[in-house]
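Chains as they are written, first to last, in the working numbering: chain A, 1 to 163; chain B, 1 to 169.
I should point out that these hints are in silico values taken from the structure, not numbers from a laboratory. A couple of the hints might just be wrong.
Not the full set, but computed from the structure, chain A residues with beta-carbon under 10 angstroms of chain B [as the list claims (entries may be wrong)]:
hint, residue
1, Leu-38
2, Thr-67
3, Pro-129
Now the stretches of chain A that chain B is said to cover, found in silico as 3 or more residues with beta-carbon under 8 angstroms [as the list claims (entries may be wrong)]:
hint, stretch
4, 7 to 17
5, 20 to 26
6, 99 to 106
Straight line, CA to CA, 25 angstroms or less: simulated DMTMM-like cross-link-like pairs of lysine to aspartate or glutamate [unchecked claim]:
hint, chain 1, residue 1, chain 2, residue 2
7, B, Lys-100, A, Glu-127
8, B, Lys-100, A, Glu-131
9, B, Lys-107, B, Asp-133
10, B, Lys-132, B, Glu-112
11, B, Lys-107, A, Asp-118
12, B, Lys-167, B, Glu-136
Built from N, CA and C at the ideal position, the CB exists for glycine as well.
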Amino acid sequence: MDHVWGVVVRATVTYLFLLVLLRLSGKRTVAEGTPFDLVVAMVLGNLAGAMIWGEVPVAQGLVAMGTVMLAHLCVVYASFRSIRFDQLVGSGPVPVLRDGRTLRDGLRRARMNTGDLDVQLRLHGRENPREVAEALLEPNGEVSLRPTEDARTARHRDLDRAA
Amino acid sequence: MDLQELALTALRATIIYVVLLVVVRLLGKRTVGGATAFDFMVALILSEVVDEPIYGDVPVVQGIVVIAVVGGWHFVNSWLSYRSVRFDRLAGGEPTVLVKDGRIIRKGMRIERINEEELWSLLRLQGIDDLKDVREATLEPDGLLSVLKTDEARELQRRDLDGVLRKAA
């Protein structure tokens, strides 16, 4: 029974500690972050698991999780303050298509082939690259797409202008 | 648990963090976590192997080697997928068409083991309630459904408006 209570206490401590850590780090660690934010979140979960099962002392678990989060907060803060550092660790958006033409250099840097690009266009409901003014591979791994003026969705003010 | 061991834990955690940061950065944004189910697996593996070296159950060097090996193979994989379309199809999977010109493609549904109910769920999430509006719906390698609508059903574009207004004028 002692063993059970140990697990309950450690699980509770871990839960509260992680709650505080994630709260301190802001929303970006889990949602809408970069792939690396996701890796950090999973590392924290993994460190927590070993601690809950009592494989390591609680103090060591807290130090390990705290250190990883602290290191991550330093990197996040540094990339917030310095664009150069941000490009070093996260790299900015990579243009892969402009004015309907694929950009070989961008595709190579993004390691996307033309098939991958077609997939991304279809996910935006488009098939024809000529309808695209610019497509960027964003730091979170998704492709954003800006259609040409002609092919963009009509807006209310287009009607106003015509009237 | 003395203070020295705690300090060592913090040091090991910092080293492993930096190694992970470098590896994920070198792999590129699409390759870890996002693009395909397997990319997500790699992110899981990378984060799964790090607790032992951080807690000191295995030497830090060993942890670094494992991260580098898994990251290295994934780099080779993503590079080959980029270079060769055949390898990409083999390793990354290919897009499967599920709906074509308003009709469900049974073969595609069978290949992806998706039933009609699941397909409708995916279509509803894209705001589709009539198959007639779909020119082509494709299950993409990253697990998302892309929908190309027919010309009648697609969103109004600015150029459509120009035509209408010119006619009116």
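Results of checking the hints against the structure:
no. : hint                    : result
1   : Leu-38                  : 5 angstroms, holds
2   : Thr-67                  : 4 angstroms, holds
3   : Pro-129                 : 14 angstroms, violated
4   : 7 to 17                 : violated (count 0)
5   : 20 to 26                : violated (count 0)
6   : 99 to 106               : violated (count 0)
7   : B:Lys-100 <-> A:Glu-127 : 14 angstroms, holds
8   : B:Lys-100 <-> A:Glu-131 : 22 angstroms, holds
9   : B:Lys-107 <-> B:Asp-133 : 21 angstroms, holds
10  : B:Lys-132 <-> B:Glu-112 : 22 angstroms, holds
11  : B:Lys-107 <-> A:Asp-118 : 22 angstroms, holds
12  : B:Lys-167 <-> B:Glu-136 : 31 angstroms, violated
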